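Asks: The primary structure of each chain is shown beneath.
Number of protein chains: 2
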Amino acid sequence: MDDQVDYVSGKTRVFGIVGDPIEQVRSPEMITAEMTRRGHDAVLVPMHVLPDDFDDVLPRILRMRNLGGLVFTIPYKARAAALAAEIGAQARMLGVINALGRGQDGRWRGDIFDGLGCVEAFRRRGIALAGKRVMLMGAGGAGSAIAAAVAGERPSSLRIFDVDAARARALAAKVGGTHADAPTVDDVDILLNATPVGMLDDARLPLAVEALPPRLVVFDAIVKPEMTPLLALAVACGCTTVRGREMMRGQIAKMVDFFYAC
Amino acid sequence: MDDQVDYVSGKTRVFGIVGDPIEQVRSPEMITAEMTRRGHDAVLVPMHVLPDDFDDVLPRILRMRNLGGLVFTIPYKARAAALAAEIGAQARMLGVINALGRGQDGRWRGDIFDGLGCVEAFRRRGIALAGKRVMLMGAGGAGSAIAAAVAGERPSSLRIFDVDAARARALAAKVGGTHADAPTVDDVDILLNATPVGMLDDARLPLAVEALPPRLVVFDAIVKPEMTPLLALAVACGCTTVRGREMMRGQIAKMVDFFYAC
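Same order as they appear, the protein sequences are chains Z and X.
Residue 99 is where the first sequence starts when you use my numbering, and the numbers rise one by one after that.
Residue 99 is where the second sequence starts when you use my numbering, and the numbers rise one by one after that.
Misleading hints may appear alongside valid ones.
Since the list gives no way to pick one copy over another, a pair counts as held whenever it fits inside one copy or between any two copies.
[As the list claims (entries may be wrong)] Result set (SDA-like, lysine to any residue): computed pairs, CA atoms no more than 25 Å apart in a straight line: (1) K352 <-> E251; (2) K109 <-> M297; (3) K109 <-> G193; (4) K109 <-> D151; (5) K109 <-> L165; (6) K272 <-> Q102; (7) K352 <-> Q102; (8) K109 <-> R158; (9) K109 <-> I159.
Just so you know, the hints here were simulated from the structure itself, not pulled from any lab data.
Bear in mind that the values here come from a model prediction, so they are computed numbers and not experimental data.
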């Protein structure tokens, strides 16, 4: 009938993404699509909660009985960890979560999926991280999650660079990697960019090189543009590339697994 | 793209229907359809809140900045009134609301739309209530809202029957009608059924008649079945009929007006 839509009803399980601001998030259209594709009657909606309201409002939102789970984005990944009754190993290491799922026992479980999305993207492309020499640029939120997830794959080495050397050292200590004074592609099999350098109209590269060895696998966490300056150089040099959008897809798949199985 | 849906994004304004139970509600598919038809980027989702949680949870849900409004169903129409900073005249008379809308000044306004939906259904059909002799059967939640809204149309008389005579008397006193000891079609222009008699597989009529005068306009608030025993008799007798689904459409239109203009 034309007086009703077919994608939401009283039986639909509700999910949310909580952030401030909220309008720019992509989870509503992408996670809803993935849940629907798997046959779940579910929708993920934006939930704009202000920082002053977060601690008072979020525990109450969790009491909606048909709420299946929440995704957390800026600036709430650290504060959200306090909402979880149980927390995954990588999230515990980093002290942040980006998803809460309702366990079959009714308890809320938290975990972080940014980094797992990166590992999943590699897995889907059949590129092993185990035993490889990995160079990671960027030790912020995304970089930290990627470092923790990649470390779990047992690379032979994981070097971490950040313009904030203290931050890179702290992350290296947490995940069992080493700090690098500068990004390099010498003795590196896999180069990961988790800095914002190259985002949108930024034409810069995150490291000072004019060419990349063709044996290198180059990953960029940036989603927009899909072809960053780093990836464009990698393609021109004959390297294998893994894109930010593949990490996003991997993350969405892992989150939906979590929402329906945790 | 097939990895995203087109009906929800970070910019989508979120609405909810709050009740217990929640799975049977029709507002998600119907109100979402009406908002979308009018060009609004909006979705209404079910929110299952338990009675023990209501007073603690609802004020916090209202602090979601992108929440446009809430609909309330069983058992919350009375308790929801306390959430409104301002309340409409009919809702104040009845002490119940079934919708909260966020005013442009940020204050939450409450009103009741069941009865306005009935009046709107008559207006759409070009049938005046002003100056008419109205007989209403049923003085429960739906009947009360219909009585208040119909009274506002200035019928020449409004007689109210309920199997609970005290309830009928109290409602008649509130809305300026009169109590009837039994339902009748004598000296009646418009007969309104707001009792559950005739719902689903109930083959009974809400009043003891074998025929109806063809000059009568007969309305039934029941939505399922669309053709109740009362309406079937009315059609057989040549009466004009107005159906529950028309009231529902009228109510939805009035609610969406309210959400976007209150």
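Asks: Confirm or reject each hint.
Replies: Do the hints match the structure? See the list:
1. For a Cα distance limit of 25 Å, the shortest separation of K352 from E251 inside one copy, 16 Å, qualifies, whereas the shortest one across copies, 57 Å, does not.
2. In this homomeric assembly, K109 and M297 come within 25 Å of each other (Cα to Cα) only across copies, at 22 Å, whereas the closest approach inside a single copy is 40 Å.
3. Taking the closest pair of Cα atoms, K109 and G193 never come within 25 Å of each other, the shortest separation being 34 Å inside a single copy and 29 Å across copies.
4. Taking the shortest Cα distances, K109 and D151 sit within 25 Å of each other only across copies (20 Å), while inside one copy they are farther apart (29 Å).
5. In this assembly of identical chains, K109 and L165 lie within 25 Å of each other by CA distance both inside one copy and across copies; the values are 11 Å within and 20 Å between.
6. With identical chains, the CA atoms of K272 and Q102 are never at most 25 Å apart, being 52 Å at best within one copy and 36 Å at best between copies.
7. Within a single copy, K352 and Q102 get their C-alpha atoms only as close as 32 Å, which misses the 25 Å cut-off; across copies the closest is 16 Å, which meets it.
8. Taking the shortest Cα distances, K109 and R158 sit within 25 Å of each other both inside one copy (21 Å) and across copies (23 Å).
9. Taking the closest pair of Cα atoms, K109 and I159 come within 25 Å of each other both inside a single copy (18 Å) and across two copies (20 Å).
Hint compliance for this structure: hints 3, 6 are broken, all remaining hints hold.
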